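Undergrad: All chains, full assembly: derive it from the sequences and hints.
Take 4 as the starting number for the sequence shown in the working numbering and just add one per residue.
In short, the hints are calculated from the structure, not lab data. Treat the hints with caution; some may be incorrect.
[To be verified] Keeping only pairs whose Cα atoms sit at most 25 angstroms apart, straight-line, the calculated DSS-like set for lysine-lysine is:
1) K187 / K239
2) K317 / K71
3) K225 / K239
4) K192 / K242
Source: prediction; values computed, not measured.
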Amino acid sequence: MACASSSMSTVVFNLPRTRRYPPIQPTRVWPSRFRCSAGQTGFFTKLGRLIKEKAKSDVDKLFSGFSKTRDNLAVIDELLLYWNLSDTDRVLDELEEALLVADFGPKITIKIVESLRDDIYAGNLKSGSEIKDALKKCVLDLVTKKGNKTELQLGFRKPAVIIIVGVNGGGKTTSLGKLAHRLKKEGAKVLMAAGDTFRAAASDQLEIWAERTGCEIVVAEKEKAKASSVLSQAVKRGKEGGFDVVLCDTSGRLHTNYSLMEELIACKKAVSKVVPGTPNEILLVLDGTTGLNMLPQAREFNEVVGITGLILTKLDGSARGGCVVSVVDELGIPVKFVGVGEGVEDLQPFDAETFVDAIVIKGKVKN
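TA: Below, the structure written as structure tokens:
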């Protein structure tokens, strides 16, 4: 059954309803980078690559977002400026302290410092600039060795389904809205699913993002509806309506609340019944200001639903950017996006080389 009003059209299902919003800023239309029919399996590969390429073109945003972490690590330049072999132990002790303050964590910090110590005493590193280059390479290797699949993996069947999960207050709904903006900007037809049926204001918040980005949205018709039913109907709508991507919001939950964690399993099963092989991505949103405290959350979510990627938010307000390295090394889960500001463009695709430059580069070190 369909009903119409002067402002928008609404399609009513047994449980959820779909709302279609026109973009509220029609003065600027983002051009599609490519056109692709459902039969062209390269659509999602191109989409993932285009978004990843943005990380390299938006370097300034990443540099700005990690400025507090970079300032914390600026002491590295001072330590290495007049470095000589006799000062090695003192310099490495202070370097260790700087890395710990930036929340690299004890395990990663020791690994980095001992690697540098071995190379210095083996005669492989003979100047401050060489030590700094070796430090950057060591951090880059740690980030890429276990978390190299930073592009969105969206498969070859439409619609691709992305489920966003996390604890309360981490920025799930906001991250979903910003991700929708990026996907639509690159030419994808995006449908949002308001699967956070526990928090009353969540659907309203996501509807604001739907209006802001010009996306359609499926919301529950009744309060306290099952999230799995909402997501199932949304994926059906996405399949029937020719959508490229369905972005699914979920209720925030503590990783220690096992009944709510089991609800995520039901959501995962529900969407896979509609489109086999989905969800293509399950992205865990983690608050970057919590630093290494995010590790227990990530472990629990991963054990329950199998996290495929991480979104680290609020890193612009934190000097603890080193936690990115620890999370990737500890869990082997790639970081897909980082939040470095409040703007709609400030959910940045993660690029390891850009990240390392953003946190370590400060000034030149003498040879």
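Undergrad: Each hint needs a verdict: does it hold in this structure or not?
TA: Now for the hints, and whether the structure bears them out:
1. A distance of roughly 20 angstroms separates the Cα atoms of K187 and K239; the hinted pair therefore holds under the 25 angstroms criterion.
2. Taking the CA atoms of K317 and K71, the gap is near 12 angstroms; set against the 25 angstroms cutoff, the hint holds.
3. Between K225 and K239, the direct Cα distance comes to roughly 19 angstroms. Compliance with the 25 angstroms bound is thereby established for this hinted pair.
4. Between K192 and K242 the alpha-carbon distance is near 12 angstroms, which keeps this suggested pair within the 25 angstroms criterion.
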